[in-house]
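Asker: Sequences are here, hints too, so could you generate the full structure?
Number of protein chains: 2
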Amino acid sequence: MSRETTTDLYEVTMALSYLREGMAQPATFDLFVRDLPPERGFLVVAGVEHVVDYLTDYRLGSEQIQGFASVLHRPPEDLEPLLGITFDGDVRAVPEGRVVLGGEPVLEVTAPLPVAQLVESYVLNQISHQTALASKAARCVLAAEGHPVVDFSLRRTHGIEAAAHAARAGAITGFSATSNVAAAVELGLPAVGTMAHSYIEAFGPEEAAFRAFADAHPGPVTFLVDTYQTEQGVRTAAQLLRSLDDATGSGSAIRLDSGNLEEEARRARSILDAHGLPEVRIVVSGGLDEYAIDDLVRAGAPVDVYAVGTRVGVSADAPYLDTAYKLVAYGDRPVMKLSTGKVTAPGPKQVFRRNGCEDVVALAEEAAPAGSRPLLHPVVRKGTRIGPAPGLQHIRERCAADVAALPEEARRVTGPTPLHSSTSPRLRALTDRVRRHIRDAYLPDASL
Amino acid sequence: MSRETTTDLYEVTMALSYLREGMAQPATFDLFVRDLPPERGFLVVAGVEHVVDYLTDYRLGSEQIQGFASVLHRPPEDLEPLLGITFDGDVRAVPEGRVVLGGEPVLEVTAPLPVAQLVESYVLNQISHQTALASKAARCVLAAEGHPVVDFSLRRTHGIEAAAHAARAGAITGFSATSNVAAAVELGLPAVGTMAHSYIEAFGPEEAAFRAFADAHPGPVTFLVDTYQTEQGVRTAAQLLRSLDDATGSGSAIRLDSGNLEEEARRARSILDAHGLPEVRIVVSGGLDEYAIDDLVRAGAPVDVYAVGTRVGVSADAPYLDTAYKLVAYGDRPVMKLSTGKVTAPGPKQVFRRNGCEDVVALAEEAAPAGSRPLLHPVVRKGTRIGPAPGLQHIRERCAADVAALPEEARRVTGPTPLHSSTSPRLRALTDRVRRHIRDAYLPDASL
Chain A
1 MSRETTTDLY
11 EVTMALSYLR
21 EGMAQPATFD
31 LFVRDLPPER
41 GFLVVAGVEH
51 VVDYLTDYRL
61 GSEQIQGFAS
71 VLHRPPEDLE
81 PLLGITFDGD
91 VRAVPEGRVV
101 LGGEPVLEVT
111 APLPVAQLVE
121 SYVLNQISHQ
131 TALASKAARC
141 VLAAEGHPVV
151 DFSLRRTHGI
161 EAAAHAARAG
171 AITGFSATSN
181 VAAAVELGLP
191 AVGTMAHSYI
201 EAFGPEEAAF
211 RAFADAHPGP
221 VTFLVDTYQT
231 EQGVRTAAQL
241 LRSLDDATGS
251 GSAIRLDSGN
261 LEEEARRARS
271 ILDAHGLPEV
281 RIVVSGGLDE
291 YAIDDLVRAG
301 APVDVYAVGT
311 RVGVSADAPY
321 LDTAYKLVAY
331 GDRPVMKLST
341 GKVTAPGPKQ
351 VFRRNGCEDV
361 VALAEEAAPA
371 GSRPLLHPVV
381 RKGTRIGPAP
391 GLQHIRERCA
401 ADVAALPEEA
411 RRVTGPTPLH
421 SSTSPRLRAL
431 TDRVRRHIRD
441 AYLPDASL
Chain B
1 MSRETTTDLY
11 EVTMALSYLR
21 EGMAQPATFD
31 LFVRDLPPER
41 GFLVVAGVEH
51 VVDYLTDYRL
61 GSEQIQGFAS
71 VLHRPPEDLE
81 PLLGITFDGD
91 VRAVPEGRVV
101 LGGEPVLEVT
111 APLPVAQLVE
121 SYVLNQISHQ
131 TALASKAARC
141 VLAAEGHPVV
151 DFSLRRTHGI
161 EAAAHAARAG
171 AITGFSATSN
181 VAAAVELGLP
191 AVGTMAHSYI
201 EAFGPEEAAF
211 RAFADAHPGP
221 VTFLVDTYQT
231 EQGVRTAAQL
241 LRSLDDATGS
251 GSAIRLDSGN
261 LEEEARRARS
271 ILDAHGLPEV
281 RIVVSGGLDE
291 YAIDDLVRAG
301 APVDVYAVGT
311 RVGVSADAPY
321 LDTAYKLVAY
331 GDRPVMKLST
341 GKVTAPGPKQ
351 VFRRNGCEDV
361 VALAEEAAPA
371 GSRPLLHPVV
381 RKGTRIGPAP
391 GLQHIRERCA
401 ADVAALPEEA
411 RRVTGPTPLH
421 SSTSPRLRAL
431 TDRVRRHIRD
441 AYLPDASL
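As they're listed, the protein sequences go chains A and B. Positions 1 to 448 (the numbering used here) are the ones given, in order, by the first sequence. Positions 1 to 448 (the numbering used here) are the ones given, in order, by the second sequence.
In short, the hints are calculated from the structure, not lab data. Hints are not guaranteed to be accurate.
Any copy will do: because identical chains look the same in the list, a pair fits if it lies in one copy or spans two.
[Said to hold, decoys possible] As a list, the in silico SDA-like pairs of lysine to any residue whose alpha-carbon atoms are at most 25 Å apart: (1) K342 / D295; (2) K342 / R235; (3) K342 / D317; (4) K342 / G287; (5) K342 / A441; (6) K342 / S285; (7) K382 / Y54; (8) K342 / Q232; (9) K342 / R433; (10) K342 / T431; (11) K342 / D294; (12) K342 / E39.
Answerer: Right, dumping it as structure tokens:
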């Protein structure tokens, strides 16, 4: 199935009706996160590059038309108005890696109404889950306070596409490596990982397993020490590391994957040091997330590398974001919805930022307030990407700078205070005007 | 990137070492869920068919070898022992749609050790997240007590692969349709969906929007009524439905997506009935999951169709399962690990079930206890699929029967009691024997 066929049916039924009515003027849709989940003080944007790739490749061909016709139980001729549609609109977006707050447009699509509508499902999907994963990953990096964090999430993410996105989210936010080979190749990341418990068990004695591994992989090695009894596993690893030549001993590590990781790490450190192996590092894994990392760091556990997996790869405490892709203008007319608890602000917008994260959501046409810079930048014009895709290193540096500029209360691992943007007077005035217009024109009986 | 390259690096480093050591005897790995998450009384198996497709297609070619070599910073020649590897082993699995409990093997792979190891990451990924999604979806169907449940999750799942799996998980567990066109086409499901708030806003007045939609889509229609003010939206929809010919009015519906859904549904039902439209159905959506459905059903809200989205498509309250893929035998030797809190039982296994869900985990070689039937069935032999893939309808019927046979305490939406399987005396004896052997042979210093 093509990406274009992966759409909610209603995008298709709406597009057909728009075309039938001749409603193909430019429409602007805002994509934003309504409210941050609990335990999030900020968000890190991700998914924009996948969206740009999708939009600039978007084309409805006969395969898509056949698919639409079959589920609508209509002859393909009825779907022909859609045949050959490409994305010929404009996109402005907050660059990946940038910090954003609730209510701020992350991406704004302006295209002929049927086209801007048709691309909704994919665009929402990618920005929503990739931003959720990056926002979780950024908190792990904060918690680790400079220690390397690596991604071990592949085995339990929601599919292998999600695993690739989890590895990339980690890379954007400052992880140092991933266990996912495909992601490492594609993103040019270091790949990490050595052995599972099954490896030890297949050999039986730990010493035989460790020795065979070192034979097969000259250079630094990481030994998994908790298959049978951790303290003895550490001793066995230490003795073998001593016997390997210097080139192997330095850069090598042991990995702890169970038990009380703080106690096990302290015990392991003592044993390694007693064997004259102060350079051998301790990697911990097993159910880690930013909360567990924070506990270990605050306890002063002698951990060198944090390997995070499932809880981070699915953003377990906030597995989705409350995103919306909302029509804010059609033709010359700003629009909004008034649904209970889901009111949207009308009109194309810009977000202006100054002093770290003092943000103002304003109308796109407003001038930047003194000392502020706009967050939304053009990334697609008339269906074509503007400039080359930013490199991962660049995105990563942007993320690090933005996170560093956040106030402490938003960066806190436990109980962060989400930052809030303000709304410009002109946007507030337009919102009031559109609300009054809707009331007067469409709701004569209602009191709003 | 190929699916074979989407692997944890350690599968590759271990496989290389196994081959170097000549350790290619048959190994058996058990895939199981250690403990159920809170709020789950049972699990529904899903993902097996994707795993069978993966394994029967598995092949390491030069693309994979290049990828592995590049991340290992080794010349491709070093990786040549892996070139041409296919999955030539056997798989037994619990069929999709079947209910399973914590600790029961869902899938058992027996293959030459390097091969059985190499496929771990993908196999775990697919069974873990698809079983998580199906187990969540099954609870929605239970909560709805016979009312149709439909899948609207595409926009916020963890990627579009995850969306396809969410749609399929719904189909397995009894959902009646999906909004995801690609999934509907691929699975032969009904596709559903009509209009978004943006559609109404693009027109301005609701009446114009509803009329245009009915013009474009003859036959039953669903009108979204909460864009501006729900009560008035329902009236506008009702008046228009009255004016459409009978063929359109019957089978039509209104959709409520915000506010207090119980109150809104009651109000809408009154308005529709007062307009002589008792056949027009009420669809609700917006943040629904099994808990919200249960509340509405218990309150007697006049809801006809429940459309579930994000919370179900990401299994928000339990977004992952505590799965493991553990070596249980190598050659003739049963093995296990003793890591704190993660002890595994050795040996190839079978699960015997009788009287609904009275399960015994036993050794594969044991005879079935009287009146019980085995859950694990051969699905792959020597790398080839055994028999055709089961049809979706068949899987769905199996799921419905299994869920219906569960005791009430496991089926409960709130506070379910997870069922537990027992262990056969022979499996317990083997576990003790292997544990003693490990202690005697590998842990002379330890007291276990």
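Asker: Using 25 Å as the alpha-carbon threshold, which applies to K342 and T431: within, between, both, or neither?
Answerer: Only inside one copy: K342 and T431 sit 14 Å apart there, 57 Å across copies, limit 25 Å.
Asker: From the Cα coordinates, with 25 Å as the cut-off, is the pair K342 and S285 best called within, between, both, or neither?
Answerer: between (41 Å within a copy, 13 Å between copies)
Asker: How would you label the pair K342, A441 (within, between, both, or neither) given a Cα cut-off of 25 Å?
Answerer: within (20 Å within a copy, 65 Å between copies)
Asker: Pop the pair K382 and Y54 into one bin, within, between, both or neither, using alpha-carbon distances up to 25 Å.
Answerer: So K382 and Y54 pass the 25 Å test inside one copy only (14 Å; across, 40 Å).
Asker: Tell me, please, which holds for K342 and R433 at an alpha-carbon limit of 25 Å: within, between, both or neither?
Answerer: Intra 18 Å, inter 62 Å, cutoff 25 Å: intra-copy only.
Asker: Since the copies are identical, ignore which copy is meant and state whether K342 and Q232 lie within 25 Å (CA to CA) inside a copy, between copies, both or neither.
Answerer: between (58 Å within a copy, 17 Å between copies)
Asker: My question is about K342 and R235: at a cut-off of 25 Å on alpha-carbon distance, are they close within one copy, between copies, both, or neither?
Answerer: between (60 Å within a copy, 21 Å between copies)
Asker: Tell me, please, which holds for K342 and D317 at an alpha-carbon limit of 25 Å: within, between, both or neither?
Answerer: both (23 Å within a copy, 23 Å between copies)
Asker: Go through the copies and call it for K342 and D294: within, between, both or neither, with a Cα cutoff of 25 Å.
Answerer: between (35 Å within a copy, 23 Å between copies)
Asker: When Cα atoms must be at most 25 Å apart, do K342 and D295 count as within-copy, between-copy, both, or neither?
Answerer: between (37 Å within a copy, 22 Å between copies)
Asker: At 25 Å max between alpha carbons, let me know whether K342 reaches G287 within a copy, between copies, both or neither.
Answerer: between (36 Å within a copy, 12 Å between copies)
Asker: Go through the copies and call it for K342 and E39: within, between, both or neither, with a Cα cutoff of 25 Å.
Answerer: Intra 22 Å, inter 29 Å, cutoff 25 Å: intra-copy only.
In summary, the structure agrees with every hint in the numbered list given earlier.
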